[in-house]
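**Student:** Residue-level listing of the chains:
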Amino acid sequence: MPALPLDEAGKYVAGAYVVFVVLIVIYVSIMAIKLQRIERELRELASFAEQRSDRDTSEGASNSDSSRPSEVVAVGIQGEPHPPPADAERSTRAESDV
Amino acid sequence: MYGKGLRSLSIATVAALAVGLSLVFFYAPLDADQGFIQKIFYLHVPLAIVALLGFVAGGVFAILHLRSGDSRWDAYSYVSIHMSVIFGVAVLITGSIWAKASWGHWWVWDEPTLVSFLIVFLMYATYYPFRYAIEDRDRQARYASVFAITAGAFVPLNFTAVRLAESLVHPRVFATTGGGLPGSMMLTFLVCLAAMALLWVTLVKFELTAKSASGQLKRLRRALDAPSPAAASRIAPEVR
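Order-wise, the sequence lines are chains A and B.
For the first sequence, my numbering gives the first residue as 1, with consecutive numbering after it.
For the second sequence, my numbering gives the first residue as 1001, with consecutive numbering after it.
Worth double-checking, as some hints may not be accurate.
Stretch by stretch, here's where chain A covers chain B in the computed footprint (C-beta under 8 Å, at least three residues) [stated by the list, open to error]:
no. : region
1   : 1197-1211
2   : 1214-1226
Calculated lysine-lysine pairs in the DSS-like style (CA-CA distance at most 30 Å, straight line) [to be verified]:
no. : chain 1 : residue 1 : chain 2 : residue 2
3   : A       : K34       : B       : K1218
4   : B       : K1211     : B       : K1004
5   : B       : K1218     : B       : K1004
6   : B       : K1205     : B       : K1004
7   : A       : K34       : B       : K1211
8   : A       : K11       : B       : K1100
9   : B       : K1218     : B       : K1205
10  : A       : K34       : B       : K1004
11  : B       : K1205     : A       : K34
To be clear about the criterion: a stretch of chain A counts as covered by chain B if any three or more of its residues have a C-beta under 8 Å from a C-beta of chain B, and this derived list gives those stretches [stated by the list, open to error]:
no. : region
12  : 10-17
13  : 20-33
14  : 44-57
Calculated directly from the structure, the hints in this document are not laboratory data.
Glycine residues also receive a C-beta, built at the ideal position from the N, C-alpha and C atoms.
Required output: the full structure, derived from the provided sequences and hints.
**Tutor:** This is how it looks when you write it as structure tokens:
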């Protein structure tokens, strides 16, 4: 096993390998920041979805207490505007956002 | 989808890099001509080869995108080029460090290998403003693919032209004359090349996974912003 001659040449070799490691670390750090943002947004969306779900549940419960339950529930379902059909098309485009 | 096998790939990459570095510093003999400085080549040359092959791969993915219209290939092309540009930065810096140690100058303008790599690097540096100057996403992907194919074809042409050039101040690792690398150095070099290729593939996969997660998040946000819960129920199973 040869000894490492860390003389004049050593600092250049060390410099080159350190530059490589630093670049990789910078890249991974940037990706980590992006992943943190994704995680934060996901948490926000999860809480938003939970609030919406709770609201829908409580609305459903208050509707069932009504004197004319079948009529009110029918309005609740039918009165909901349907999502635009373009939604599916937009979804496939978003997957490959770069 | 993109993240499948990322963990095992990452482990393989770390192991390959560890083995490669161990071989570089504890197995490969010192070069009789350059001495310890030659150790930079086990980093610099594999980085350059993988970066150039990555540019070509970006062009191949762009061809697949134009043929199929599938935006997944555009994402592959973009990420391949992106990763190769990062590797290109490392190539230029490590090359300059070697040049300073060996030639006494950080950069030599009359050396075809250096200048040609710089030209390729700068050409790909224009990919980002070119791509993001176009707002329409379909047009952006198409034009970026055309760029990636043209530039990807230029890379091997450029490489061949430089190899045929007369001035050969820059050392050749795979020399056809004058001996080339001895067995132990060649083994070390090939392990380092495999490790760099694995690193490139891992980082490409990593970035594609992050982009896919970001895209799925946007879909989820749109679905939840929609007034009806029906849209959310359509999207949610795909996000899990």
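**Student:** Among all the numbered hints in the text so far, which are the ones the structure does not match?
**Tutor:** As far as the earlier hints go, not one is violated by this structure.
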